[in-house]
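J.: Here's the letter readout for the chains.
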Amino acid sequence: MKRISYGHIALGATVAAILVFLMLPVLIVVPISFSDTRFMTFPPPAYSLRWYDSFFGNPEWIEAAKTSFTASAFAVLFATPLGVAAAYAIQNGKHRFMRYARTLLMLPLMVPIIIVAVGVFFVYSKTGYVNTLSGLIVADTMLGLPYVLISVSADLRTFDPTQEMVARSLGMNRLRSFMTVTLPQIKSSVIAGAVFVFIQALDETVVALFISGGDNQTLTRRMFVTLRDEIDPTIAAVSTMLTALTLCLIMVVVVSRKSKGAAPRA
Amino acid sequence: MLFLMTPALAVIVILLIVPLAWLSWQSIYHDGSFTLANYQRIFTGTYLDTFLLTFKLSFIVTGLTLLLGYPVAYFAASQSPRVSSLILGMVVLPFWTSVLVRTYAWLVLLQRTGLVNKALMSMGIIDTPLQLAYNQLGTVIAMVHILLPFMVLPLYSAMQKIPSNLVQAGASLGGSPLHVFLRVFLPLSMSGVLAGATLVFVLCLGFYITPELMGGGKSIMVSMVVSRNVEIYNSWGAASAVSLVLLVCVFAIFYLASRVVPLEKTLGAK
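Protein sequences, first through last, are from chains A and B.
Here the first sequence stands for residues 17 to 282, where the numbers follow this note's numbering.
Here the second sequence stands for residues 129 to 398, where the numbers follow this note's numbering.
Just so you know, the hints here were simulated from the structure itself, not pulled from any lab data.
Values in this document were obtained by computation on a predicted structure and should not be read as measured data.
Watch out, some of these pointers could steer you wrong.
Rough simulated footprint, nothing fancy, chain A against chain B, three-plus residues with beta-carbon under 8 Å [to be verified]:
{"no.": "1", "region": "195-202"}
{"no.": "2", "region": "308-322"}
{"no.": "3", "region": "372-386"}
Glycine included, each C-beta is placed from N, C-alpha and C at the ideal position.
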């Protein structure tokens, strides 16, 4: 028998209010992006696509978006295999060095991002990689590694390594046995890691403030610099598109995890 | 196995370890001689104020996220799997939205003519718009919003592990609901409280985007001192020393907390 008391109702109402507080700012950018006016009146007096036009009609915004997407895509291409290899090595390595290596690879998440940014800026200013696309890609790769490591390690821990040993005892080399036996079974966590790298790279702002500029300015850097001067509703349009994209990518992760759970284990 | 690690480690060493080592060197070595001047500035005058303000805001934000996060996690943990996954979904969605987007949303909401001021005025609570944005209040509101998921998720995962029969046992032995909560549930959820508080506090200490955009240039946090010293004054010595003190604080907190609760799982939540 379940008793509903005033305490439960009060708790439910409090939680509902907090959830509104959490969701409202995420949702509010959508109507603002379709607003007809520059002023922050809510609800908007009329709807239009002018802020989307102002984004797509401005070559500087388009260039910034291209830079962000290119850097993020390449960061995924580098960080995913590097992270999977590292996770595999940590899982199968016996040396106690592996534990320290793991901590080292987690550092980008632990060191405050402003310090990471200043450090990367220093290295790039000595080597001439400031304001270059390749510099941006390597920085995003570094920042993405922990996400791949966390996602893939969690999966590898529950993976039965004897399967791979069987494949090797049947004559496959280590790489082939990994590719044909292990990888298909940890696929969903590899995809999840790759998606996290992409989202993180797309969202990254602080490092980009220091090392991206000129022709290779990222979308978030441009948003940040614009916001420092004025509240341009074009940013609402960018925000809406970014949030929609992130949501779709998260759905990819959710679906790939679900299908893994449903698929029969051969 | 080592060669599989090498590429990933190389990236970390070149872009993170080498600069950190160099920052340490810069902070004590200037123009051919060793000096502690950069550190002296931190413990006197404006930099001291900056550190104190950063710690103060971090405590406030951590306290508020705990206050708001605990009921949400508690409620989610006590519901059926369907309801709790719905609630967690509403926590995770903002979590995955760009920090920049959320700061922008708060800038809009907290304007003089923004939705919050309008709502308060139409309810008759205030007559003239409050100054909510471009100050510490706005910074705290936006930071609480951005960091709340980092509090809720570890709290929830700790609460989920509390066996419900312990609470039932407490109640069957005659404890009032409040008594059972205080003596049984709350102590068992402390690992989540510690993990969440550590994470939020550490993230606050180094927070840059939101205080910079929302603070109105008046309240300077540690991260902003680092950025200004590099970008505007080109003063690497000062930036290095401030960075290192911040880094030592962060690692000390992580180290102390990790002796009590495993933090790595929490860290990977995002």
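J.: Next step is simple, just say for each hint if it's right about the structure.
T.: Hint by hint, here is what the structure shows:
Coverage of a stretch by a chain is defined here by at least three residues with a beta carbon nearer than 8 Å to that chain's beta carbons; for the region 195-202 of chain B and chain A the count is 4, and the condition holds. With 0 residues bearing a CB less than 8 Å from a CB of chain A, the region 308-322 of chain B misses the requirement of three and the coverage assertion fails. Coverage of the region 372-386 of chain B by chain A holds [criterion: at least 3 residues with CB-CB distance below 8 Å; count 5].
The earlier numbered hint that this structure contradicts is number 2, and it is the only one.
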